[in-house]
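**Q** Please build the complete structure, drawing on both the sequences and the hints.
Here the protein sequences come in this chain order: H and D. In this text, residue positions in the first sequence follow the numbering used here: the first is 2, and each later residue adds one. In this text, residue positions in the second sequence follow the numbering used here: the first is 217, and each later residue adds one.
No lab work stands behind these hints: they were computed from the structure. Just to be clear, a hint being listed does not mean it is correct.
Stated by the list, open to error - Chain D is faced by these chain H residues, among others (derived, beta-carbon under 7 Å):
| id | residue |
| --- | --- |
| 1 | Tyr72 |
| 2 | Gly73 |
| 3 | Gln81 |
| 4 | Val82 |
| 5 | Leu108 |
| 6 | Tyr112 |
| 7 | Arg136 |
| 8 | Asp140 |
| 9 | Tyr180 |
Every residue gets a Cβ at the ideal spot worked out from N, C-alpha and C, and that includes glycine.
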Amino acid sequence: MTIHDDVQEVLLTEDQIQGRVAELGVELAHDYADRQPVLVSVLKGSIIFLADLIRATELPLAVDLMELSSYGAAMESSGQVRILKDLSGSIEGRDVIVVEDIIDTGLTLNYLLRYLHERSPASIRICCLLDKPARRLTDIDIDYRGFTIPDRFVVGYGLDFDERYRNLSYIGVLRPSVYGGPEPRT
Amino acid sequence: MAAGLTNATGPRFAHASEAELARILDFYQVAWRYEPDVFPISWNASGAVVECFAPDFYLPEIDLYLELTTLKQSLVRKKNRKLRWMRLLYPETRVKLLYARDFRALMLKYGRLDFLHEVLGGNGPSASSRSVTSPRPSKPAA
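**A** See the structure below:
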């Protein structure tokens, strides 16, 4: 039994992902020519996308990481999102690119953008691998988008369920039986 | 019916799922109001309003109404019909319907499966909102 057995369907293959990441890298290199952006990413889901994206561009960029508490995991705490890991350096006057694995409701990103704007960057743009607009609860303009995906529960390439499946090299739809949901009719 | 906004007790939610959504919005510091507006959608021959639609939430920062539908299919059909009229009569007003599957996906995303089974296993208990407050002042709905 491997983690692949819990995947019902491959939504995006490794080749598709790598091809699109390479294109995004070229787009960033073009748009940020002669600049030195800071790529800010949120742990943990974005790490694999970030790692591939920065190697797909030859910009003289910097990288910083943040970690935010998640709603479910924080049910017993303050009841409001907390920063578990803050930026390591200043972004004042810098061109910031927020690198996200997936934008779903947009609630986390909405909070993050507010936080980053208060630190007076020169600009902020958003680069996400996956855009899942079906349940969006915020207005967010995505500048660089890898793929728009349907309303499915996806794992892999950094995305987890209960901390598993991040190490899949592709994006897969999780078998509903894994999380107690109904199996699709055949 | 317009419910209370930010105060010591908060609004009384009609369903536990609504209280849970309010807690999520609070967590991410998104301002909300509970059932702040009522939209007439049907009138009789003498012009009296006979049917209204009151979306569950209003998010003033993005000018969006949210309606949560996690109950029986017959109620979903009724809400779908109301929403169609709403969109026809008030085309400038943005309303988003969150179905049971959307709420289920949210709970899955946040690892709240126990709560999900508690709520969707039956109709779900009515929830007190004592722990739920809107974090920031909200402007009145337009």
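**Q** Hint check: is the beta carbon of Leu108(H) less than 7 Å from a beta carbon of chain D?
**A** For Leu108(H), the interface hint holds, since the closest Cβ of chain D sits about 4 Å away, which is under 7 Å.
**Q** Hint validation: Asp140(H) versus chain D, beta carbon distance must be below 7 Å. Holds or violated?
**A** Holds - the Cβ of Asp140(H) comes within 7 Å of chain D, reaching about 5 Å at its closest.
**Q** Taking 7 Å as the limit, does the beta-carbon of Tyr180(H) come near enough to a beta-carbon in chain D?
**A** Check passed: Cβ of Tyr180(H) comes within 6 Å of chain D, closer than 7 Å.
**Q** Tell me if Gln81(H) is really an interface residue toward chain D, meaning its C-beta lies closer than 7 Å to one of theirs.
**A** holds (6 Å)
**Q** Quick check on the hint: Arg136(H) CB to chain D CB, less than 7 Å?
**A** Since chain D brings a Cβ to about 5 Å from Arg136(H), closer than 7 Å, the hint holds.
**Q** Hold the hint about Tyr112(H) up to the distance rule: shortest CB distance to chain D must be less than 7 Å.
**A** Check passed: Cβ of Tyr112(H) comes within 5 Å of chain D, closer than 7 Å.
**Q** A closest beta-carbon separation below 7 Å is what the hint needs, so does Gly73(H) meet it against chain D?
**A** holds (3 Å)
**Q** Quick check on Tyr72(H) please, does its C-beta sit within 7 Å of some C-beta on chain D?
**A** Check passed: Cβ of Tyr72(H) comes within 5 Å of chain D, closer than 7 Å.
**Q** Does the interface hint hold: is Val82(H) within less than 7 Å of chain D, judged Cβ to Cβ?
**A** holds (6 Å)
Figure legend: structure checked against the earlier numbered hints; every hint is met.
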